[in-house]
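S.K.: Protein sequence lines correspond, in order, to chains A and B.
For the first sequence, our numbering begins at 1 and goes up steadily by one.
For the second sequence, our numbering begins at 266 and goes up steadily by one.
One or more of the hints may lead you astray.
Stated by the list, open to error - With the Cβ distance kept under 7 Å, some of the chain A side facing chain B (calculated, not the full set): (1) Pro91; (2) Val94; (3) Val95; (4) Thr101; (5) Pro104; (6) Trp109; (7) Gly115; (8) Val192; (9) Ala193.
Stated by the list, open to error - Simulated pairs of lysine-lysine, DSS-like, Cα-Cα distance not exceeding 27 Å: (10) A/Lys123 <-> A/Lys230; (11) B/Lys510 <-> A/Lys73; (12) B/Lys551 <-> B/Lys413; (13) A/Lys123 <-> B/Lys517; (14) B/Lys551 <-> B/Lys403; (15) A/Lys230 <-> A/Lys75; (16) A/Lys73 <-> B/Lys353; (17) A/Lys75 <-> B/Lys510; (18) B/Lys413 <-> B/Lys403; (19) A/Lys123 <-> B/Lys510.
If you're looking for bench data, these hints aren't it; they were derived computationally from the structure.
Note that the structure is a prediction, hence the values are computed from the model and not measured.
Yeah, the Cβ is synthetic: ideal placement off N, Cα and C, and Gly gets one too.
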Amino acid sequence: MVATALAEAVAHSAAGAALDIEQVSHAFDIDGTELAVLSDVSISVEPGEFVALLGPSGCGKSTLLRLVAGLDKPKAGRLREDEERIRSPHPSRVVVFQDPTLFPWRSVWDNVALGLEAQGILKSQRHRVDAALDLVGLSSFRNAYPHQLSGGMAQRVALARALVNDPKILILDEPLGKLDSLTRITMQAELVALWQRKGFTTLLVTHDAEEALVLANRVIVFSDRPARVKADIRVDRPYPRHRGDPYLADLRRQILGLLGLDATW
Amino acid sequence: MSTYSLSDGLASGAPRLSRAPLLATWIRESGVGVLASIAWIALGLSCLWWQDVGDWTRTHSLGIAAFVIAAIALFGTVGADYLGSAGKALHTRAPWLLALGAFLTVWEIATAKFAWLPLPFFPPPQAIIEVYTDDLPKLLDSVFASVKLQLGGYLIGATVGFLTGVSIGWSRAVGYWVHPVLRFIGPLPATAWLPIAFFTFPSSWSASTFLIALATGFPVTVLTWSGVTSVSNAYYDVARTLGAKPSFLVLKVAIPAALPHVFVGLFMGLGSSFAVLVVAEMIGVKAGLGWYLQWAQGWAAYANMYAALIVMSLLCSGAITLLFAIRDRLLVWQKGTVKW
Ligand SMILES: Nc1ncnc2c1ncn2[C@@H]1O[C@H](COP(=O)(O)OP(=O)(O)O)[C@@H](O)[C@H]1O
Ligand SMILES: [Mg+2]
């Protein structure tokens, strides 16, 4: 059962796309005054890379993700997916938000089916919904409504809802932020396994340096608002990674220093 | 010298104690049912014992019916264990059965037997039953006319209101033009249009349909609109990143998310349209329960008025029950909806 689900998932896997963020700046108008949020951010992400974005809260990380998703347009600069300008949302770039934002009027299955239904291909692709639910281990909750799920289960449904579209770029905005530590560690492992199996490019915003180091190839640290790239750190360690790994501990100290937390680590 | 030992007390007390609670339990379990039966026997007796002060034909039948109900209540209570769910249903309703029997008895005595209440205005129960048996065709015609008028007007008003609400909630341009009109016309009670409507519309039926639709449409429009505008942007963001087109955003995001609001509007519209229905029937339409009431008043036929009122209340309550049933069906995903 699970094996077929995995085979199904692999069969549909699309390799990751390259992402180029070129000199992007963004600002919001708040009561006539301009609030600069991103300042000349340039990041070039290789296909299949797992990039973690770290930065002080309110510095502009979510804003950057919305630009990558195509939900908003930058005030200056360009974003490209595989050389193609990003101008509007596209199912090849799917976002998992911090809140699962499941549609409460839809059952779990119908929530996961959302993307295929919106693209008008659900009729012929129903098995992909089943496979995605299998993948996150929630097949037995297919008929449940969101209010009947725990926080961790809801977040897993949100993940399945994203994965069913076989995104080339998976955009994760603190998706594990509200979970208890146990569920969190389990889901981190599941995330890495999924990413390795499917090969999509991953952009993960997190406020947890350790999470970034356990998961990502590359950790980008932002400054205070307006966000600039402060450091771009490669994490050359094989998976699965150990939380106690002295190499990672060293990097963590370095990152916390960059975030201005030298004394407290 | 007598010593009192604990075991003595228990030994002698036990049999007595165990019988007393049995009786107490039986009274607690079945007492109300038996009292209900007695109340209906009282009604039957009060019907048959004294002479009526007026000329009513159904007194005897009412008395017999009361005895039948009393018998059902009694056997249903005594044999509750053998009757399954019917017995249980009777058990939970026994207090109401008791209250109803007592009320009808007092009413019967106060009106038909001693005329403590002034007579044409307070007819006895048998007079109302007489209406249901002897004036049934006319009453049914009225019910049919009312339901037809109400249903047509309500469905039109609800549909138009829903579509208008979605349009102004979704489109700024539509909102620009419709919103001021809505603010100008909406708060006006629909009955204020009555005199104009009955002259300008080709028939009083179409005029009433329009007014009922108007009374329904306003709350439905406003609540659908506020429902659509209050949908969280996060839902639209999710749908858009998954490849949703504008039509999908309206049909599969905005409308389902706004549905709880829409049902509040439908409920409010139902209430205000009932009011319009009755007034329209009294003033313009020569059919329906409102007209029946008016007609009965003309003849000082008070029993007919009470009979029509009872039917009307059952119909209105039934309509609300139906609406809530539909809502519960469509909004199963909501936790804890109000039970009507
Ligand atoms: N739609 C918006 N309108 C105005 N200001 C916004 C909007 N979205 C975000 N901001 C502001 O931009 C800044 C960065 O927000 P965000 O990107 O959410 O930060 P974070 O790095 O914590 O995800 C914050 O100060 C926030 O108040
Ligand atoms: Mg954020």
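S.K.: Each hint should be assessed against the structure and marked as holding or not.
M.R.: Results of checking the hints against the structure:
Because the smallest distance between the Cβ of proline 91 of chain A and any Cβ of chain B comes to about 4 Å, under 7 Å, the interface hint for this residue holds. Checking valine 94 of chain A against chain B by beta carbon gives a least distance of about 6 Å; that is within 7 Å, so the hint holds. This hint holds: valine 95 of chain A has a C-beta 5 Å from the nearest C-beta of chain B, less than the 7 Å allowed. Contact between threonine 101 of chain A and chain B, as hinted, is supported at the beta carbon level, the nearest pair being about 5 Å apart and thus within 7 Å.
The closest approach between the C-beta of proline 104 of chain A and any C-beta of chain B is roughly 6 Å, which is under the 7 Å cut-off, so the hint is satisfied. For tryptophan 109 of chain A, the shortest C-beta to C-beta distance to chain B is roughly 13 Å, which exceeds 7 Å, and the interface hint is violated. Annotation: glycine 115 of chain A was flagged as interfacial toward chain B, and the flag holds, the nearest CB pair being 4 Å apart, inside 7 Å. The interface hint given for valine 192 of chain A is broken, as the beta carbon of that residue sits about 23 Å from the closest beta carbon of chain B, more than 7 Å.
Below 7 Å, beta-carbon pairs count as interface contacts, and alanine 193 of chain A has none with chain B, the closest being about 23 Å; its hint is therefore violated. For the given pair, lysine 123 of chain A sits about 47 Å from lysine 230 of chain A by alpha-carbon distance, which is inconsistent with the 27 Å threshold. Simply put, lysine 510 of chain B and lysine 73 of chain A have alpha-carbon atoms about 18 Å apart, close enough for the 27 Å limit, and the pair holds. Among the hinted pairs, lysine 551 of chain B with lysine 413 of chain B is consistent with the structure: their alpha-carbon atoms are about 14 Å apart, no more than 27 Å.
The straight-line distance between the Cα atoms of lysine 123 of chain A and lysine 517 of chain B is roughly 16 Å, inside the 27 Å bound, and the hint therefore holds. Straight-line distance between C-alpha atoms of lysine 551 of chain B and lysine 403 of chain B comes to about 12 Å, which keeps the hinted pair within the 27 Å bound. Between lysine 230 of chain A and lysine 75 of chain A the alpha-carbon distance is near 21 Å, which keeps this suggested pair within the 27 Å criterion. Annotation: proposed proximity of lysine 73 of chain A to lysine 353 of chain B is violated, straight-line Cα distance about 66 Å (limit 27 Å).
This hinted pair checks out: lysine 75 of chain A and lysine 510 of chain B have alpha carbons roughly 25 Å apart, not beyond 27 Å. A hinted pair counts as satisfied when its Cα atoms are at most 27 Å apart, and lysine 413 of chain B with lysine 403 of chain B qualifies at roughly 15 Å. A C-alpha spacing of about 18 Å is found between lysine 123 of chain A and lysine 510 of chain B, which places the hinted pair at or below 27 Å, so the restraint holds.
Checked against the numbered hints given earlier, this structure breaks hints 6, 8, 9, 10 and 16; the rest are met.
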